[in-house]
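Residue numbers (my numbering): 1 to 388.
Hints are supplied without guarantee of correctness; some may be wrong.
[Stated by the list, open to error] With a straight-line Cα cutoff of 30 Å, these simulated DSS-like cross-link-like pairs (lysine-lysine) come out: (1) Lys135 - Lys232; (2) Lys180 - Lys103; (3) Lys232 - Lys180; (4) Lys232 - Lys274; (5) Lys274 - Lys201; (6) Lys180 - Lys135.
[To be verified] Computed beta-carbon distance windows for the label pairs: (7) Phe154 - Pro278: 31 to 39 Å; (8) Glu316 - Ile195: 16 to 24 Å; (9) Pro278 - Ala313: 16 to 24 Å.
By construction, these hints were calculated from the structure, which means they are not laboratory data.
Cβ coordinates follow ideal geometry from the N, Cα and C atoms, glycine included.
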Amino acid sequence: MKLFDGIGRRIGLAMAGGKNPWGSGGSGDDEPESSGENEPPKTDKPKGPRNPWLPPGTGGPSQGRRGPNIEDIFKNRGPEGPRRSGGGPGGPNFRMPQRPGGKSWFPVAVAGFVLLGVLATSVHLIDPQEKAVVKTLGNYTRTMDSGLQISAPFPIETVDVEDVQGVRALRIPETDQQAKLILTGDQNLVDLSYIVRWNIKSLENYKFRLAEPIETVSEVAEAAVRAEVAEKTLDETFSGQGRAEIEQAVRERMQRALDGYQAGIEILGVEIDKADPPAEVVDAFRDVSVAEQNADAARNQARGYAQQVLAQAQGEAEAFDKVYEEYRLAPEVTRQRLYYETMERVLSQTDKTIIEAEGVTPYLPLPEIRRRAQQSPPAATVTAPEGQ
1 MKLFDGIGRR
11 IGLAMAGGKN
21 PWGSGGSGDD
31 EPESSGENEP
41 PKTDKPKGPR
51 NPWLPPGTGG
61 PSQGRRGPNI
71 EDIFKNRGPE
81 GPRRSGGGPG
91 GPNFRMPQRP
101 GGKSWFPVAV
111 AGFVLLGVLA
121 TSVHLIDPQE
131 KAVVKTLGNY
141 TRTMDSGLQI
151 SAPFPIETVD
161 VEDVQGVRAL
171 RIPETDQQAK
181 LILTGDQNLV
191 DLSYIVRWNI
201 KSLENYKFRL
211 AEPIETVSEV
221 AEAAVRAEVA
231 EKTLDETFSG
241 QGRAEIEQAV
251 RERMQRALDG
261 YQAGIEILGV
271 EIDKADPPAE
281 VVDAFRDVSV
291 AEQNADAARN
301 QARGYAQQVL
311 AQAQGEAEAF
321 DKVYEEYRLA
331 PEVTRQRLYY
341 ETMERVLSQT
351 DKTIIEAEGV
361 TPYLPLPEIR
371 RRAQQSPPAA
381 TVTAPEGQ
């Protein structure tokens, strides 16, 4: 206690400019000692208690003017010296505006802010393609449809708005640089990428049945694709018809799995946009593809030749059948006609001409004459002008 008394006494001396607040230069209540013979005569002490805040040498409560109080001391003193009066917000003359009657505007401002917060968290405008789930103190209570809806203010009720009609697309894998190798039914690997399109059909199940809906859709899609590709060969996976069958089967399998989870998600479609062999063996697969194309071309050419020969043979067989029918009606005439046709066909390809006639001694080179006649250009005919 003595320590605190000493500190208080020192603070009082500091505020009084090093003087005793009771008017003496010492630190107690004793009268100051006389300093010599030239000291002025003492005056009678005023009656009544001394005011500690009056300047030294003044009387009691009825003498002189009142000195500065403790609030004035702290206002006018500071680390930067005495403050200057001003009109700024931090000056000593600044006062908050007041309502008529002397009341403050502060409660009204607080009430206005509270009212704005209540309106902002209680009135909700939901778009036509959206719905909202409402949680009361953290528990699901209801689902809001589109339009102007009202709820209890935050934090009593919280409203989470979600687009339920928009189509979401999930690409697996996310980039083309990421390989997704899948094993086919004939023990081959295929690099497959696909896109899953889906939307929300039950908002409350979507929000509260699944912790990570997008990751769930990705994992279900990957499992369904692997299961379906494992039942197809590599050629079926590369072909257009095989891709269509895989896409339809994957969509149905995913929908069954998500309905079992009560995920509130509808799979709209699955599209395979890339089905290639692994990058390490892509050159070998291209060579195989080229060889298969060449083999297909050779097979098609052979089929065309076979069809042509078969048609020719069938035509000759039908012609022979007709000749046979004529032979049965007139054997001798038919035999003679066949002989002549055969000799004409054979002898037309030789360079000799045989004439069966008696009395012809010289040999006429008729084939040579015919050949020269065919090779020589026709002679130009010149007509004489009339009157000559």
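Evaluation of the provided hints:
1. As the CA atoms of Lys135 and Lys232 are separated by approximately 47 Å, the hinted pair breaks the 30 Å bound.
2. About 73 Å separates the Cα atoms of Lys180 and Lys103, which puts this hinted pair outside 30 Å; it is violated.
3. Proximity of Lys232 to Lys180 is assessed by CA-CA distance (about 17 Å); at most 30 Å being required, the pair is judged to hold.
4. At most 30 Å may separate the alpha-carbon atoms for a hinted pair to count; Lys232 and Lys274 meet this at roughly 16 Å.
5. Restraint check for Lys274 and Lys201: satisfied, since their Cα atoms lie roughly 29 Å apart, inside the 30 Å limit.
6. About 40 Å separates the Cα atoms of Lys180 and Lys135, which puts this hinted pair outside 30 Å; it is violated.
7. Remark: the range hint 31 to 39 Å for Phe154 to Pro278 is contradicted by a beta-carbon distance near 54 Å.
8. About 60 Å separates the C-beta atoms of Glu316 and Ile195, a value inconsistent with the hinted range of 16 to 24 Å.
9. At about 50 Å, the beta-carbon gap between Pro278 and Ala313 misses the expected band of 16 to 24 Å.
Figure legend: structure checked against the earlier numbered hints; hints not met, in rising order: 1, 2, 6, 7, 8 and 9.
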